[in-house]
Amino acid sequence: MRPVLAVEDPAAALRHLVQVLGLVAEDATTLRFGDQRIFLCPVDAPPPGLIPLRLDHVALRIGDADACRQRTEARGGQLSANFTPNGPAEIAAFWDHGVRYVFFEGPEGWPVEFCARIGLPDVAEGHDHLAIRTPDLGGVEAALAAMGAARVAQHVLGSGDTAVEVRFVKLDETMFELFDEPPIPAPAGPGGWIGFLPD
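So in the UniProt record's numbering, spot 39 of the sequence shown is number 39, and the numbers just go up one at a time.
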């Protein structure tokens with residue numbers, strides 16, 4: 001699946017994704033990071049065929065989150081104040097040995113995550129997951145299941161009133177991360193990760 005990022009200034013967004021975050025531009029609307037393609041559009045012109053399940057962020061697979069931080073900051077990247085303001089963080093519960101990840105501010109403030117699975121430093125860069133923040137985990141999972149998706153993992157992070165449920169759901173070769181953490185302040189403006197396109 002190709003996540004769709006809607007922005008007010010597509011040309012500036014493309015420059016940010018290429019020059020700062022290290023993606024490769026295939027043309028004026030499509031960028032690539034390994035096997036993950038991203039579609040860029042103006043806020044008032046969503047592409048035909050869009051599946052409008054809004055994404056919280058897009059996560060790109062890397063081998064080393066700390067090295068990613070160094071090279072991205074060297075290109076002018078800014079750590080996301082909402083996600084990883086102090087640099088890479090870890091979640092030990094995910095997958096076999098946990099993940100180490102870092103978020104950067106993407107175009108117009110919409111976040112991009114770089115995620116490394118601990119113990120797998122030599123993976124090819126590309127797709128890791130598309131994340132959906134929602135209080136209705138069951139409803140979103142059912143919508144993806146209707147397209148053919150299946151759950152592959154489930155976790156509860158934390159406890160009590162601050163516990164967050166996370167479900168990983170796979171649709172063809174695309175992994176979705178569904179989580180019910182409360183909303184955080186969103187960037188100003190009408191854009192964002194507005195959904196995805198079938199490959």
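The set of hints was computed from the structure by calculation and includes no laboratory data.
In this text the structure is predicted, and so the values were computed from the model without any measurement.
One thing to keep in mind: the hints can contain errors.
[Stated by the list, open to error] Just the calculated beta-carbon pair ranges, DEER-fashion:
{"no.": "1", "residue 1": "D122", "residue 2": "P42", "range": "12 to 22 Å"}
{"no.": "2", "residue 1": "V43", "residue 2": "A81", "range": "19 to 29 Å"}
{"no.": "3", "residue 1": "A89", "residue 2": "P48", "range": "19 to 29 Å"}
{"no.": "4", "residue 1": "P46", "residue 2": "G119", "range": "33 to 43 Å"}
{"no.": "5", "residue 1": "Q19", "residue 2": "P42", "range": "18 to 28 Å"}
{"no.": "6", "residue 1": "A124", "residue 2": "H97", "range": "32 to 42 Å"}
Every residue, glycine too, gets a C-beta built ideally from N, C-alpha and C.
Comparing the hints with the structure gives:
1. Between D122 and P42 the C-beta distance comes to about 38 Å, which lies outside the given range of 12 to 22 Å.
2. Here the CB-CB span from V43 to A81 is close to 23 Å, well matched to the stated 19 to 29 Å.
3. Between A89 and P48 the CB atoms are about 38 Å apart, so this pair departs from the stated range of 19 to 29 Å.
4. Our hint of 33 to 43 Å for P46 and G119 holds, since their Cβ atoms are close to 39 Å apart.
5. Taking the beta carbon of each, Q19 and P42 are about 20 Å apart, inside 18 to 28 Å as hinted.
6. A hinted range of 32 to 42 Å is violated for the C-beta pair A124 and H97, which are about 18 Å apart.
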